[in-house]
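> Letter by letter, the chains look like this.
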Amino acid sequence: DQQVKQNSPSLSVQEGRISILNCDYTNSMFDYFLWYKKYPAEGPTFLISISSIKDKNEDGRFTVFLNKSAKHLSLHIVPSQPGDSAVYFCAASAGGNTGKLIFGQGTTLQVKP
Amino acid sequence: NAGVTQTPKFQVLKTGQSMTLQCAQDMNHEYMSWYRQDPGMGLRLIHYSVGAGITDQGEVPNGYNVSRSTTEDFPLRLLSAAPSQTSVYFCASQSGAANYGYTFGSGTRLTVV
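Quick note, the sequences are listed as chains A and B, same order.
In case it helps, the working numbering puts the first sequence at residues 399 to 511.
In case it helps, the working numbering puts the second sequence at residues 9 to 121.
These aren't lab readings, by the way, just hints derived from the structure by calculation.
For every residue, glycine included, the Cβ atom is placed at its ideal position computed from N, Cα and C.
Fair warning: there could be bad hints in the mix.
What the hints assert, rightly or not - Computed from the model, here is a short list of chain A residues facing chain B with C-beta under 8 Å:
1) 437
2) 438
3) 440
4) 441
5) 442
6) 444
7) 499
8) 502
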């Protein structure tokens with residue numbers, strides 16, 4: 399039972415345009431969400447997080463939106479750069495920061511020059 | 009700072025053999041976790057710990073043991089390796105503070121033949 403789902407395995411965008419990566423979850427107890435970026439042969443690196451008490455969090459080119467009623471979150475990257483090409487994972491935890499973080503399957507983003 | 013160090017980086021095991029994947033962090037983080045990454049499955053939580061002496065099961069704990077005798081170390085033991093355990097394994101740590109993402113190691117690529 400996949401509690402965190404990223405239904406798009408891949409996404410391709412032009413440099414300078416917006417990249418939108420989507421994530422859905424099924425567990426209504428999730429209240430803390432994170433996005434990670436992963437390059438080949440490296441570990442994931444933390445990008446941005448959002449608490450369920452917010453609906454938006456912004457950090458530079460990266461913005462995460464949370465729609466609790468739809469159990470949906472998205473990561474916007476504006477403007478997209480070739481260096482953003484990587485696999486992006488969303489993750490969630492329930493009951494605050496409990497140490498138990500559940501990840502989605504990942505979306506491979508390719509930003510074309 | 010070294011961050012999260014995983015050893016070995018690569019390992020080939022025969023079915024039925026046992027081994028320990030090592031993970032050490034030098035950031036005095038309370039939380040540590042083990043994940044495995046498989047194609048199309050994303051990152052799946054194996055075991056996690058919220059402090060020395062405290063461990064709990066994640067999504068896919070069968071076939072793996074952990075212990076946390078010190079804050080710094082969180083080894084993952086494969087009791088009797090099976091081909092289904094062929095995967096890339098990631099260790100991660102986090103301070104336990106809110107809105108603070110996990111720091112991942114660079115991974116161990118394990119092949120069981």
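> For each hint, tell me whether it holds in the structure or not.
Status of each hint after checking the structure:
1. 437: violated, 10 Å
2. 438: violated, 11 Å
3. 440: holds, 6 Å
4. 441: Since the shortest Cβ distance to chain B is 3 Å, the answer is holds.
5. 442: holds, 5 Å
6. 444: Holds - the Cβ of residue 444 of chain A comes within 8 Å of chain B, reaching about 3 Å at its closest.
7. 499: This hint holds: residue 499 of chain A lies near chain B, its Cβ roughly 7 Å from the closest one there, short of 8 Å.
8. 502: holds, 5 Å
Figure legend: structure checked against the earlier numbered hints; hints not met, in rising order: 1, 2.
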